[in-house]
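Undergrad: Below are the chains, spelled out letter by letter.
Number of protein chains: 2
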Amino acid sequence: MEALKAEIIGVGTEILLGQICNNNAQWMSERLAQIGVDVAYHQAVGDNLDRIETAFRLALSRSDVVIATGGLGPTQDDITREGIAAALEVRLVRHPEIEDFLREKFARLGRRMAEINLVQADVPEGAEYILPDRGTAPGLICVTPQRKRMYAVPGVPAEMREMMTGTVLPELAALAGPSALVSRTIRLTGIAESKVAEILDDLFRASANPSVAYLASSGEVKVRLTAKATTREEAERLIEPLALEVHARLPGFVFTTTDEELEQVIARLLDALGATVACAESLTGGSLALRLSAAPGASSYFKGSAVTYTAEAKRDILGVSQQTMDGPGVVSEECAREMALGTRRIFQADLGLAVTGVAGPDPHDGKPPGTVCLALAWDRGRQSDSFRAPGDREQVRRWAEQSALDMLRHRLEDQLRADT
Amino acid sequence: MEALKAEIIGVGTEILLGQICNNNAQWMSERLAQIGVDVAYHQAVGDNLDRIETAFRLALSRSDVVIATGGLGPTQDDITREGIAAALEVRLVRHPEIEDFLREKFARLGRRMAEINLVQADVPEGAEYILPDRGTAPGLICVTPQRKRMYAVPGVPAEMREMMTGTVLPELAALAGPSALVSRTIRLTGIAESKVAEILDDLFRASANPSVAYLASSGEVKVRLTAKATTREEAERLIEPLALEVHARLPGFVFTTTDEELEQVIARLLDALGATVACAESLTGGSLALRLSAAPGASSYFKGSAVTYTAEAKRDILGVSQQTMDGPGVVSEECAREMALGTRRIFQADLGLAVTGVAGPDPHDGKPPGTVCLALAWDRGRQSDSFRAPGDREQVRRWAEQSALDMLRHRLEDQLRADT
Numbered sequence: 176m177e178a179l180k181a182e183i184i185g186v187g188t189e190i191l192l193g194q195i196c197n198n199n200a201q202w203m204s205e206r207l208a209q210i211g212v213d214v215a216y217h218q219a220v221g222d223n224l225d226r227i228e229t230a231f232r233l234a235l236s237r238s239d240v241v242i243a244t245g246g247l248g249p250t251q252d253d254i255t256r257e258g259i260a261a262a263l264e265v266r267l268v269r270h271p272e273i274e275d276f277l278r279e280k281f282a283r284l285g286r287r288m289a290e291i292n293l294v295q296a297d298v299p300e301g302a303e304y305i306l307p308d309r310g311t312a313p314g315l316i317c318v319t320p321q322r323k324r325m326y327a328v329p330g331v332p333a334e335m336r337e338m339m340t341g342t343v344l345p346e347l348a349a350l351a352g353p354s355a356l357v358s359r360t361i362r363l364t365g366i367a368e369s370k371v372a373e374i375l376d377d378l379f380r381a382s383a384n385p386s387v388a389y390l391a392s393s394g395e396v397k398v399r400l401t402a403k404a405t406t407r408e409e410a411e412r413l414i415e416p417l418a419l420e421v422h423a424r425l426p427g428f429v430f431t432t433t434d435e436e437l438e439q440v441i442a443r444l445l446d447a448l449g450a451t452v453a454c455a456e457s458l459t460g461g462s463l464a465l466r467l468s469a470a471p472g473a474s475s476y477f478k479g480s481a482v483t484y485t486a487e488a489k490r491d492i493l494g495v496s497q498q499t500m501d502g503p504g505v506v507s508e509e510c511a512r513e514m515a516l517g518t519r520r521i522f523q524a525d526l527g528l529a530v531t532g533v534a535g536p537d538p539h540d541g542k543p544p545g546t547v548c549l550a551l552a553w554d555r556g557r558q559s560d561s562f563r564a565p566g567d568r569e570q571v572r573r574w575a576e577q578s579a580l581d582m583l584r585h586r587l588e589d590q591l592r593a594d595t
Numbered sequence: 176m177e178a179l180k181a182e183i184i185g186v187g188t189e190i191l192l193g194q195i196c197n198n199n200a201q202w203m204s205e206r207l208a209q210i211g212v213d214v215a216y217h218q219a220v221g222d223n224l225d226r227i228e229t230a231f232r233l234a235l236s237r238s239d240v241v242i243a244t245g246g247l248g249p250t251q252d253d254i255t256r257e258g259i260a261a262a263l264e265v266r267l268v269r270h271p272e273i274e275d276f277l278r279e280k281f282a283r284l285g286r287r288m289a290e291i292n293l294v295q296a297d298v299p300e301g302a303e304y305i306l307p308d309r310g311t312a313p314g315l316i317c318v319t320p321q322r323k324r325m326y327a328v329p330g331v332p333a334e335m336r337e338m339m340t341g342t343v344l345p346e347l348a349a350l351a352g353p354s355a356l357v358s359r360t361i362r363l364t365g366i367a368e369s370k371v372a373e374i375l376d377d378l379f380r381a382s383a384n385p386s387v388a389y390l391a392s393s394g395e396v397k398v399r400l401t402a403k404a405t406t407r408e409e410a411e412r413l414i415e416p417l418a419l420e421v422h423a424r425l426p427g428f429v430f431t432t433t434d435e436e437l438e439q440v441i442a443r444l445l446d447a448l449g450a451t452v453a454c455a456e457s458l459t460g461g462s463l464a465l466r467l468s469a470a471p472g473a474s475s476y477f478k479g480s481a482v483t484y485t486a487e488a489k490r491d492i493l494g495v496s497q498q499t500m501d502g503p504g505v506v507s508e509e510c511a512r513e514m515a516l517g518t519r520r521i522f523q524a525d526l527g528l529a530v531t532g533v534a535g536p537d538p539h540d541g542k543p544p545g546t547v548c549l550a551l552a553w554d555r556g557r558q559s560d561s562f563r564a565p566g567d568r569e570q571v572r573r574w575a576e577q578s579a580l581d582m583l584r585h586r587l588e589d590q591l592r593a594d595t
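Going down the list, the sequences are from chains A and B. Be aware that the first sequence starts at 176, since it is given in the numbering used here, and climbs by one per residue. Be aware that the second sequence starts at 176, since it is given in the numbering used here, and climbs by one per residue.
For the record, the hints were derived by calculation from the structure and aren't laboratory data. Don't take each hint at face value.
Any copy will do: because identical chains look the same in the list, a pair fits if it lies in one copy or spans two.
In silico DSSO-like cross-links for lysine-lysine, where the CA-CA straight-line distance does not exceed 30 Å [to be verified]:
{"id": "1", "residue 1": "Lys280", "residue 2": "Lys397"}
{"id": "2", "residue 1": "Lys323", "residue 2": "Lys370"}
{"id": "3", "residue 1": "Lys323", "residue 2": "Lys397"}
{"id": "4", "residue 1": "Lys397", "residue 2": "Lys180"}
{"id": "5", "residue 1": "Lys280", "residue 2": "Lys370"}
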């Protein structure tokens with residue numbers, strides 16, 4: 176059986192004005208993919224009847240399933256109902272039982288219902304409706320003479336998700352039958368996207384299932400393998416050998432084959448080793464701490480971070496020596512090493528991880544923007560590194576963060592290998 | 176003159192799979208609106224040549240300007256160049272000067288260039304190209320025989336923004352002529368969205384220009400006033416009296432009438448007072464530090480933060496008393512007060528700001544998830560506060576962060592009033 180082809184239409188001038196981001200489309204797409212429905216197109220249109228009608232007609236001409244979000248509220252600019260009726264060439268019929276539902280809903284909330292809300296009881300002739308738990312806007316389910324399905328759900332994310340989860344996704348999962356699309360994301364750091372693509376080129380040139388996609392962001396490359404099969408297990412089986420091969424070809428660079436964040440990988444390693452870490456940061460301004468403390472239960476492996484934004488704080492709190500400050504300065508591997516030792520000591524942690532540098536845009540302490548110095552200290556050793564990161568302030572911070580965490584990851588992996 | 180009608184096309188299967196959100200469309204839409212270009216449609220299509228071509232043809236049939244993002248990279252699934260050439264019915268021509276640019280770019284970064292990168296030197300016949308500062312993917316500018324303009328820019332947000340800001344937006348602003356859509360965002364904290372809407376209801380009920388939109392996120396409400404006029408100045412004049420009235424009705428809650436981040440407002444106040452701040456955080460895990468250090472030049476007012484994730488670190492580094500730890504515990508206003516005093520001392524800052532609490536999902540130290548305790552210490556006093564924040568771990572952290580920064584803002588504003 177061919178997979179169901181779906182299309183998502185975001186309705187609302189606020190999307191086209193850039194006042195809100197069409198996050199609903201992402202959420203819906205991800206869920207539809209999981210039940211084996213192919214999303215082939217997204218559209219967004221404003222609160223304009225002609226354009227809404229045209230968008231629905233186009234979608235119905237090329238997709239099996241159309242799901243619209245937004246424009247179901249009670250105000251004058253909520254005209255998705257009218258747009259659907261126009262595209263289907265039917266009239267809107269007011270449903271007294273929805274009127275009753277609305278009146279009761281408002282009464283229960285102790286609010287007076289403005290008459291304007293009753294437009295929400297209008298349903299295209301022949302269509303079904305979905306009564307909401309949250310909010311007041313009913314959803315719509317229309318089936319065309321060609322057996323195409325058109326859904327309309329509210330634009331408010333929580334209300335949209337309620338109807339998708341409660342009604343739309345179960346209906347479509349039943350129609351889609353046993354089919355699964357599974358993605359596995361392998362994430363790498365310390366290597367350029369084009370280099371990754373070159374090394375994997377032959378592996379993927381001929382592979383349609385799983386398909387492969389590359390995504391690059393500051394300090395990281397993602398390789399996403401997506402397989403389609405009738406069951407989840409079968410799709411996983413298609414992905415597994417390729418994922419292993421990617422890992423084997425890029426040892427050291429791959430930090431996860433299951434889409435974990437770098438800090439999650441580190442948390443796992445620290446847990447396995449029963450070890451703790453503390454940080455000392457200036458350039459990264461607290462982002463190492465933020466990432467290492469993101470997960471619930473982080474306090475079992477993360478002790479804290481000294482965010483020392485001044486030379487005095489590096490000296491007074493972390494014990495960086497006057498000699499280092501007067502000599503190589505606060506932007507140096509020497510300083511990073513002393514910071515790593517200092518934070519390890521004051522937090523009584525097994526590992527101390529430190530970053531200093533120049534985020535920019537201006538030079539600092541005689542060093543150019545982008546200069547990053549890292550160091551790691553542990554019971555039996557220490558290491559350090561320095562480099563120039565590309566990009567603006569935000570990118571430099573991201574590179575520094577990523578490189579520091581990756582230094583820690585490598586150390587923990589070595590340790591775990593040595594222990595076992 | 177009719178406004179230019181624009182359409183944005185996001186290219187990439189990862190968008191349709193819901194693996195990434197099409198945030199680029201929002202960013203571009205917002206900027207296009209500001210220069211008076213009407214965005215009438217968004218589309219998103221996958222990495223499929225036929226569908227990309229069809230999307231471009233549809234867009235060219237109904238819009239004056241088409242801007243595509245994504246699919247310009249060096250890998251096999253980057254086929255936006257081919258899609259544009261097909262829609263325009265021209266061939267792709269390799270440009271040796273782009274090849275040279277790519278080789279030099281890689282050489283400058285000290286990296287070997289994979290041959291695969293050279294596909295980025297392919298340009299549809301007759302089109303112009305935009306060489307990138309960031310990244311390696313050139314952008315494209317095509318003008319059709321019907322004088323419609325088609326741009327392609329990379330999907331990586333920083334690279335997209337560079338070309339939009341440097342080339343596409345200036346070109347379109349010149350074509351659009353004198354027309355301006357100006358938005359002013361007034362941001363409030365410490366008050367619920369529905370309360371804001373109620374207080375401002377009469378003010379906006381009849382106002383179409385400026386129009387008003389409310390947006391709520393954790394710990395913050397935004398009120399956006401949008402005015403359309405032939406010049407920027409005229410639009411600003413329409414907005415000004417309403418912005419002032421909003422401020423007058425919600426004194427204390429409004430922290431900016433010019434869309435600044437709360438930390439920017441604080442930076443301005445600290446600069447004006449010549450004062451410095453240091454933080455002590457556990458619950459917020461470094462995010463206070465990150466926000467206060469985000470701006471270039473932050474080191475003139477931000478001294479640092481002690482991210483103390485354990486009771487021992489609170490005691491050893493910040494000097495929280497054993498009495499407090501044994502009595503009210505590490506999740507208490509007493510502890511927050513001692514943390515604030517401690518960080519002020521160790522960083523030698525004028526103000527010490529502290530947060531402790533329970534991010535969740537589990538209780539900690541006998542206190543339920545969502546418990547937030549804040550304190551601020553300065554030369555002549557201190558204050559503290561505690562409350563239960565709603566939501567999950569991330570929302571609790573965001574509320575805590577926002578409330579702590581707002582406590583600091585109020586203190587600084589009082590100080591500035593006292594000084595003048």
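Undergrad: Compare the structure with each hint and give your call.
TA: Consistency of the hints with the structure:
For a Cα distance limit of 30 Å, the shortest separation of lysine 280 from lysine 397 across copies, 23 Å, qualifies, whereas the shortest one inside one copy, 42 Å, does not. In this assembly of identical chains, the alpha carbons of lysine 323 and lysine 370 never lie at most 30 Å apart, being 45 Å within a copy and 37 Å across copies at closest. Proximity of lysine 323 and lysine 397 under a CA criterion of 30 Å is satisfied in neither setting, with 36 Å inside one chain copy and 36 Å between copies. For the homomeric pair lysine 397 and lysine 180, the shortest alpha-carbon distance inside one copy (26 Å) is at most 30 Å, but the shortest distance between copies (35 Å) is not.
When the C-alpha separation of lysine 280 and lysine 370 is checked against a cutoff of 30 Å, the pair qualifies only between copies, where the shortest distance is 15 Å, while the shortest distance within a copy is 54 Å.
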